[in-house]
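J.: Position chain B against the provided structure of chain A, taking the given hints into account.
Residue numbers (the working numbering), protein chains in the order written: chain A, 6 to 680; chain B, 6 to 56.
Worth flagging that the hints you see were computed from the coordinates, not collected in a lab.
Note that this is a predicted model, so its numbers are computed, not measured.
Take these hints with a grain of salt, some might be off.
[Stated by the list, open to error] Which stretches of chain A does chain B cover? Using the computed rule of at least three CB atoms under 8 Å from a CB of chain B, they are: (1) 95-107; (2) 144-156; (3) 197-210.
Note that the Cβ used here is the ideal one computed from N, Cα and C, for glycine as well.
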Amino acid sequence: MELDTLRVKNFRQFYDEQQIEFANGDQNVTVIHGSNGAGKSTLLNAFIWLFYEEIELSRPERIASERAMAEINIGQSVDVAVELTFAHEDQRYEARRTATFEKARENDLTGQKIDTDISVEYTDGSGNWKRRSNPQNTLEQILPERLRDLFFFDGETIDQLTAIDSQDRVQMAIQNIMGIEILERAIRHLEHVENEFEDEVDEHATDELSELITEKRQIKTELDDITDRLEEVQSSRTEAKREIEEIDDRLRELEDSRELQQRRDHLQSELDDLEKEIENINTDIAQEISDTGHLVFGLPAIEKTAEMLRDKRQKGEIPSRIKSHFVEDLLDLEECICGRPLEAGTPARESVKQWQERAGSTELEEQAMSIVGRLTEIGDMQEDLFDTIDTLLEQRSTARDKKQQTIEELDDIQDKLQEVETEDISQLESRRSQLIDKREEFAQEVGRLENQRDDLTDDIDDIEAKISEAREQSDLAEQARRRQLVAEHLRRKLEALFEQYQHDVRESINDRVNEIFRDIIAKDYYAKIDDDYSLLILKDVGQQEAVSVAKSTGERQVASLSFIASLVSLARERYEDDADATHFTGGIYPIVMDSPFGTLDPEYQKSVSKVMPEMANQVVVLVTQSQWSDAVEGELDTVSGRKYNLEYHNPSESDAINYEYTVIQEDKTQAEVVQ
Amino acid sequence: MKREEVADEVGSETMQRIMQRVLQAEENKLHMKNPMGINQEIKNIIEDEVD
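The following block holds chain A by itself, in its conformation from the complex (with noise of 0.2 Å):
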């Protein structure tokens, strides 16, 4: 950041508009000279009021001018700018900021703010001049408010930076000018990312998969006990059957079962036709109930709509038994069927015109005629339902009726065959009627297995859809598992890397702190900053041993310039090297610093002077006039870009002035003033 122009408008007691421009180049030091109460402090917070809207002074409500309030009248109001011009970052930018204050009442100096406003321009690629959507933000980028101790102090107070407390402010100073603060919240935010990723790892990992995978081995195991058993009863089954068979055939050999088998033979291939006729005959009924069955439920409604439209077309109203298209050809012949005339405007005319509105539309009487001829159907159709049902019922009735006689004689001719005296006959039939319980025993047992087996592979299917969506949930967790390990990863990676930047910079400074302490005081000390980040002024007193020295204001003071001086210079050394980090960019910041030379003796004045060229890109020095002596000017002068002085108009010194005022007027050396 360069600094351009500064220019205040009606800012405290900087009447009217006024304006600073900053030196730069070789000679980038601004002198601001002025007595105290001439608005020093009053400049530095200008600039504190244009980045952040503060203000560090007392009254900070009192932001217009109190000369300009006073020359107003009561709703009047005073408007009151703070605008600087600068570059940064190869843009030239123009920042306002601006309030109203409205006169309230009579000797109301502070007045109501009414209004305040504030932008930012830049420049674009093409030299254009571009409005930020966001100002403050732009401020706070290019400024952050965190660092503003940094640019803008009050030299009086700097020398706190050494207090025994101060290790904080130290070190977040280091942080934040050398781009470590990036490190820290990385480092802050990752870790909380990954316990965010942790937590998801816990909602979604589960025993619920291993707890299915378990179920699903034991229902397979049952299921191939079963299948095992399904099995060896069918075997047996077909086994039973075929021992049947051959008694079957054994029985058709011997003489005397040979008929009674036959009979038998031909009872069973009945049997069989029957059982098959009545499977058919329920399958109908089952077919013809599922077609037609809801007419039964529906016909009550049915019966209601076909008595009202029966009604309503024995009313003649549906369909209409005048046609529409015939009154209208009466009408357009003007005679009526009787031959009487049908002229316009006659009482007969109008009569006939009467049936044409009753007649009704054509489309309707055949959607009439459609639905009373669709209702006729559907009470037929219900009434062939019950027909084919009874039909059914009947034939069923009649098949069962043969089927039992059939099992009766069948049973009869077991009968006979076992009680045939011939021994192997007896006992064949014995046999047999064995094999046939045992078959249906069998048959119950395959009917009994086969649904179990259905019901587990019912299971199965349930329980690996289960186990899907279970590996599903279980990718989850281990997707939220390695971004939380990435995560980690990455955190432990910014800590090493913050380690180590950190003690580089700290070295860095270090070095560069005692070398600007050191050029300007003169005594056996140095500068350092410990592990603590304690700014101390040590001594060295010898075998490699130094103690903290007793130090003056002016020595820390000067401790604190060299700590600041140093942040400084090594961020636009670091914003210099291209060849840095990314993100560790540093960059270009002027200083500002109100009474600088305070509490120094003048030897340290001078060394400070020495120096002050050195500490940044430009210097801003706001001195009182006590504290500009000969040999800062000595130094000052030959670096010293652009001189001003505070006018204090002091209405304690004169009658003819009501209210104070500061002029500001820039200080021109004789060669200038000749030209």
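T.: Just chain B now, with coordinates in the frame of chain A:
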């Protein structure tokens, strides 16, 4: 599953890209005292890069 194994699996190029994106997100919000939504932003970056 170990951290190093996952890092190897993801690959150094991807890890470097994630780090750059995370640091860029931090830099964009560095001017904020309390950078709203930064945790979610970092989480999204990792979710985006790591399947």
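J.: If a hint holds in the structure, say so; if it does not, say that too.
T.: Verification of the supplied hints:
| no. | hint | verdict |
| --- | --- | --- |
| 1 | 95-107 | violated (count 0) |
| 2 | 144-156 | holds (count 5) |
| 3 | 197-210 | holds (count 4) |
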